[in-house]
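There are 2 protein chains.
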Amino acid sequence: MGLEIERKFLVRGDAWRKEATGIPYRQGYLCLDRKRTVRVRTIDERQGLVTIKGASTGATRMEFEYPVPVQDALTMLDNLCEKPLIEKKRYTIRENGHTWEVDEFFGENQGLVIAEIELTSEDQEFTRPDWVGKEVTGDPRYFNSSLIRAPYSTWKKT
Amino acid sequence: MGLEIERKFLVRGDAWRKEATGIPYRQGYLCLDRKRTVRVRTIDERQGLVTIKGASTGATRMEFEYPVPVQDALTMLDNLCEKPLIEKKRYTIRENGHTWEVDEFFGENQGLVIAEIELTSEDQEFTRPDWVGKEVTGDPRYFNSSLIRAPYSTWKKT
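Top to bottom, those sequences are chains A and B. Read left to right, the first sequence gives residues 877 to 1034 (our numbering). Read left to right, the second sequence gives residues 877 to 1034 (our numbering).
Treat the hints as calculated values from the structure; they're not laboratory data. A couple of the hints might just be wrong.
Listed next, the stretches of chain B that the computed footprint assigns to chain A, with coverage defined by at least 3 CB atoms under 8 Å from CB atoms of chain A [claimed, not checked]:
| # | segment |
| --- | --- |
| 1 | 934-943 |
| 2 | 949-963 |
| 3 | 1000-1014 |
C-beta atoms are modelled at their ideal positions from N, C-alpha and C, and glycine is treated no differently.
Please construct the entire structure, taking both the sequences and the accompanying hints into account.
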């Protein structure tokens, strides 16, 4: 078991892309309760993972992650998970001594790009690169689980 | 991934007990949808398992089972699973070339005893021992998942 502490931001422009290479992620949910989520993920169609997370308190939540055979993960994604699945590319970007994960969404969430930074404590300080925009930590619309029930393409643009 | 084919029966009397030794099982559910369940189980407080099952078709359902650290399983049971948890003892009984699993329930399901036989096909034949009573395969009241929402102690006895 681990505790996940992460902050989430919108991304501005394309400067972050530089030479970053995106890895394809597919994921779906077996469970989307307020109190816990159960996620199935494949990374590059080569790794399978089942991840169980508790409810968030601030930027922190309980997390359990287990590797599973990729064929199991693909079968669960196709047969058991809620639809639509989430399809994205994940870019790992190292800046100012911190690792950012930038998720570029496709399918029904095309157009959405989110950056996440994983921290060791909620008040850990870090420098925001120029391409990091508005913080959306704790905004439920941006939870991956919400992007299934209300994909980005259905949002009213304001 | 496996396919689980099992038939389930009520148990009559105590003849099945003989020298059988029960092993304590605790289990809870992260997810109880019609389309899939996600179960956390500890066996004898020494083994942890996460099991994902699809919807039943007859006596058959898709099943994925993964061992997890027992401490993870205990933390998930206490913090993330729906309550009440299911507490039972499982007895493994070999009769007429088949293995029966008899579950004796405690807590809010005290008084309920169920026997299950796992088969390799839905039409596989087997001999019922005298202590095996009415078949309840497919009766949703006896799903372990139902025994959380409507425990045996709350049933109207008829």
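Of the hints given before, which are not true for this structure? Hint check: 3 fails alone, others pass.
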